[in-house]
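Using the sequences and the hints, build the whole thing.
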Amino acid sequence: MVDFQKIKGFIFDLDGVITLTSKYHSRAWRELADELGVPWTATLAERLKGISRMDSLEMILDAGGKTNGYSDADKERLAAKKNSNYLACLEQMTDADILPGITDFLEELMAHDYKISLASASKNSPKVLEKLNLAKYFANIVDPAKLSKGKPDPEIFLRAAEQLSLKPDACIGIEDASAGIQAINAAGELSIGIGDAETLREAAIHFTATKELTLAAIKRAMQSIA
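For the sequence shown, this note's numbering assigns the number 8 to the initial residue and increments by one for each residue that follows.
No false leads were slipped in.
Taking lysine to any residue and the SDA-like style, the derived pairs with C-alpha atoms no more than 20 Å apart in a straight line are:
#: 1; residue 1: Lys130; residue 2: Phe145
#: 2; residue 1: Lys88; residue 2: Arg37
#: 3; residue 1: Lys82; residue 2: Ser129
#: 4; residue 1: Lys30; residue 2: Leu94
#: 5; residue 1: Lys122; residue 2: Pro175
#: 6; residue 1: Lys218; residue 2: Ala118
#: 7; residue 1: Lys174; residue 2: Asp120
#: 8; residue 1: Lys15; residue 2: Glu115
#: 9; residue 1: Lys30; residue 2: Lys138
#: 10; residue 1: Lys134; residue 2: Asp102
#: 11; residue 1: Lys134; residue 2: Ala87
#: 12; residue 1: Lys134; residue 2: Glu98
#: 13; residue 1: Lys153; residue 2: Ser172
#: 14; residue 1: Lys73; residue 2: Leu39
#: 15; residue 1: Lys134; residue 2: Ile123
#: 16; residue 1: Lys88; residue 2: Ala35
#: 17; residue 1: Lys174; residue 2: Glu162
#: 18; residue 1: Lys30; residue 2: Met66
#: 19; residue 1: Lys82; residue 2: Ala70
#: 20; residue 1: Lys122; residue 2: Gln170
#: 21; residue 1: Lys122; residue 2: Ala146
#: 22; residue 1: Lys13; residue 2: Gln170
#: 23; residue 1: Lys134; residue 2: Ala35
#: 24; residue 1: Lys15; residue 2: Lys143
#: 25; residue 1: Lys30; residue 2: Val45
#: 26; residue 1: Lys218; residue 2: Glu114
#: 27; residue 1: Lys122; residue 2: Ile148
#: 28; residue 1: Lys134; residue 2: Leu94
#: 29; residue 1: Lys218; residue 2: Asp203
Read the hints as simulated data drawn from the structure, not as lab findings.
Laid out in structure tokens, this is it:
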């Protein structure tokens, strides 16, 4: 049994956990892929979830057999163009884009004095939180620009725990992507997967949807872990 009382902090991914920015990311990446002549597929779109901007660009170029066709400067320009398209999409966001149950769960965490951090590969996460009116819950946000490795490497979740002044085993990480779950587990934190059970089979705890996230539900799930 895992001790629920030991948990002092919660570390959130952004896309698929707090809101669905993936549709905006996909739209912006697809526009770029079309420009580059790279076929857009559902498999490619899925692989890009939770991955950093430059790593995503490399995946797209690799999918089109164009990995060696661009200089580092070209790649920076392409990534910046994608980000510009994405930021334009973000202007449409409101608190109506918050996933079900997330605001209530954040309120519950605050009411019980849990520490909260955001561990997202997105460099635009502060802007997204502002558009959603959720910035007040996230005094701690890991800056992905200061990381040397992306998910599934545990660095971002270890950094989040450090920001909260907590040991990893006192933290729960919440993710919707396989790479994120792998990162949480490698960090030595307890992982909660939101979404498809097969995709997130490595998660210690699984919920189908964000609306299921409550402290009581997490405690029950933890009690069932051997």
